[in-house]
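Novice: Sequence:
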Amino acid sequence: GNLPQIEITPKSFDFGEVQYGDIAEYSFKIKNTGSEILEIKRLATSCGCTSAKIAKVELNPGEEADLRVTYDSGAMSGPHGKGEQERIIYVKSSDPVNPQVEVMVYANVR
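Take the sequence shown: its letters are residues 1 to 110, numbered as in the numbering used here.
Only pairs whose alpha carbons sit at most 20 Å apart, straight line, appear in this in silico SDA-like list of lysine to any residue:
(1) 82 x 24
(2) 41 x 9
(3) 92 x 58
(4) 11 x 104
(5) 11 x 66
(6) 29 x 68
(7) 11 x 98
(8) 82 x 18
(9) 56 x 26
(10) 53 x 67
(11) 11 x 64
(12) 11 x 84
(13) 29 x 90
(14) 31 x 100
(15) 29 x 65
(16) 56 x 44
(17) 53 x 75
Now the in silico label distances, taken between C-beta atoms and shown as ranges:
(18) 84 x 11: 15 to 23 Å
(19) 100 x 1: 16 to 24 Å
(20) 76 x 100: 19 to 27 Å
(21) 14 x 37: 27 to 35 Å
(22) 22 x 1: 42 to 50 Å
(23) 84 x 56: 27 to 35 Å
(24) 37 x 82: 39 to 47 Å
(25) 23 x 63: 23 to 31 Å
(26) 16 x 36: 34 to 42 Å
(27) 101 x 2: 14 to 22 Å
(28) 101 x 16: 18 to 26 Å
(29) 14 x 80: 17 to 25 Å
(30) 79 x 2: 47 to 55 Å
(31) 81 x 1: 40 to 48 Å
Just so you know, these hints were derived from the structure itself, not from any lab. What you are looking at is a predicted structure, and each value in this text was computed from that prediction instead of being measured. Beta carbons: idealized from backbone N, C-alpha and C, even for Gly.
Given these sequences and hints, build the entire structure.
Specialist: And the structure:
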């Protein structure tokens, strides 16, 4: 069928050890593996310390774009900001089968 189809790789990324206060960045790949234009409708994250940006909001069939995720390890103060951290990035798109896809980033904040 003629449908847009979203594919994000990898499904998760581990920043490993991060010094408290450092900013960690990683780019996931978003690809439209379908046969219609894929529209990225909304990017959201589970925490204000994490942001997600994409350069293009419309991907042609077969086209790929970077989903740039920035994690500010100093944004959370106190004991909650240290140790194993897990953040979720939510990607809403026009893919009718998977309207929302989630990817994860992990960090061990020192």
